[in-house]
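> Listed below are the residues making up each chain.
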Amino acid sequence: MVTIIILDGLNYAANLFLVSVGLTFVYGVLRILNISHGALYALGAYMATWLTLLLLKVGLPDILTYFTLLVGAIIIGLVFGPLIERLALRRIYGSDIHIQLLLTYSILLILDDLMKLVWGTDPLFVSEPYSFIGMFEVSGILYPWYNILLMGVAVVFGSFLIWLVRRTRFGKIVVSVIYDREISAAMGVNVGLIFTVAFSIGAFSAALGGAFIAPTIAVVPGFAIEVVVMAFAVIAIGGLGSLEGAALGALIVGLARATSIHLFAELELVVIYLIMVLVLAFLPKGLFGEVEERRI
Amino acid sequence: MKSKLGVLIVSALLLLAPLVVPTWTVFILTKALFMFIAVLGVTMLLRGGQVTFGHALFYATGTYTVGFSVKWFGFREALVLVPVGALTGLIMAALVGLIMARYRGVFFAMLNLAFSMILYAVLLKFYRFSGGTDGLATGVATLAGIPIRGSSFTFYYFSLVIAGLATFVVSRFLASPVGHFLTALGENEIRIEYTGESARRVLYKTYVLGGGLAGVSGVLAAFTVGHVVPEDAFWLQSGEFVFVALLGGFESVAGALMGAVVFEFIQTYTSKFFPYAWQLVLGGIMLLVILLRPGGLFAIYESIVHWLRPKKEGGGHE
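Respectively, the protein sequence lines represent chains A and B. Taking our numbering, the leading residue of the first sequence gets 3, the next gets one more, and so forth. Taking our numbering, the leading residue of the second sequence gets 1366, the next gets one more, and so forth.
One or more hints might be untrue.
Stated by the list, open to error - Sample of chain B residues at the chain A side, in silico, Cβ under 7 angstroms:
(1) 1370
(2) 1414
(3) 1591
(4) 1657
As the list claims (entries may be wrong) - Over 10 angstroms on every C-beta distance to chain A, these chain B residues come out as not near it, computed from the model:
(5) 1418
(6) 1467
(7) 1542
(8) 1645
(9) 1649
FYI, nobody ran anything at the bench for these hints, they're computed from the structure. Even glycine gets a Cβ: it sits at the ideal position worked out from N, Cα and C.
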């Protein structure tokens, strides 16, 4: 029982981390809470599933489906990241928070409907990546290897992002842009380009989450908003803008949710919000949040 | 809507409208009126620099007040249920507001969304109690004992009276010291506290008033539409409120009314010509308003007035 709770918990945590890490990354760099993140996640799920199904029909071997899932996510990141940042977000940096929220919200509305128009309202489902690696037995229960793979994807991608920000030249430039846009620009940094790249990385990570979670669920329209609310809860617990915070928040919520599902099933729905409200009541900036100066 | 003349013209238009326009539009105008009442709360919060993506929470509280009243007691008296809806909306907002008044910006927006989604899920899940996806039928309202249909002229005028009262209350609130502090909330919170007022209390009062108005709106909506469904609490409903507030321009009460009327017609024509692209239309218009005309319809109206009378001061400037 305990093993299963821990495994389920880690699996939820991996899901939640993949869903939320891009949101916190974008917030960290652009200081914008990107509500359309949920739609990018759903787009990633649709694109990856659709692409994989298409290629399976023409005889793609099952083992390559993992690769096509990744390609689907990359396409979404490369197309929608620059598109949204250049056409819309660029015009509202420095606007009031409510304008930024409303703008990204309207992008979510548009993308959510576009997906229905393109892929219809029937669920899309690709099972090959899930069934290909099969199951293993743990304390008398069959457990899918795919869930373990998902944890691996979360750990690798999370480490990659942390490495990118902490250990590379690009990361140093991003940090300098976060601290002072004007000085960075004066030093010759192309701040606009950094923003586009950073947002595209965020869009890609949303799509990646969607792409790799898609084989475990049926992809149906209209889950974009739930995803962004859940992702927000996770990063609010961890502290907005913190990558480690997103990981810790995902772990806390994942384990709590698994525990509540196995022990008190009625609580499942609200457990994530309960934790969020509890954490925020005592630590308004989350666990890893930086203290912001109040405006005077 | 500072000038008395403007108030008179708008009231006259709304009073005479049903006599002039085709009958089917009376229903749409009634919908615009309850939309307007709910949006007032969102507009006030936007004035304080706060967005809520969960205002449908209180609207659904109002609609289900009617739903349960009809289901359990068979009681449909609009004259009683409107104040009761205001009360349930107020109570709900007073409770949720205790948490919400602590937060600003993204936290305020997202927590509101989270709470409304919890209510939506509860309404869906406890179907024995709430009717699940089917919702509850409300039947025909009675007004002082006489049955009136939701699409009738009488109900339109009844809604108009309620909308008038709501406008009055909100105008008084905005003109009060708390209302002025509310505008300051969006600008600079610390300065409010320098004066000795609590920013949290200002937001709380606004929030509770907005909740009560949404409750009233829900009661009128339940009778106009004839049934209540969990979608009343859905995020898309909250999104429509935000859309109307933004479309009208949240600097004024009149903006919300303009936004609501235009919204209802956009919705009617969209569902006729692009039935599967409702969110697309909403989002697209919203995007354009934000990028091109952040003041909304009211700002456009003001600039037209200004342009027509270049020598004088523009009409409704604050």
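> State for each hint whether it applies.
Hints and how they fare:
1. 1370: violated (32 angstroms)
2. 1414: holds (6 angstroms)
3. 1591: violated (25 angstroms)
4. 1657: Constraint on residue 1657/B not satisfied, violated at 10 angstroms.
5. 1418: violated (7 angstroms)
6. 1467: violated (8 angstroms)
7. 1542: Residue 1542/B is indeed farther than 10 angstroms from all Cβ atoms of chain A, at 22 angstroms.
8. 1645: violated (4 angstroms)
9. 1649: Given that some Cβ of chain A is not farther than 10 angstroms from that of residue 1649/B, nearest at about 6 angstroms, it is violated.
The structure fails to meet hints 1, 3, 4, 5, 6, 8, 9 from the earlier list, while all remaining hints are met.
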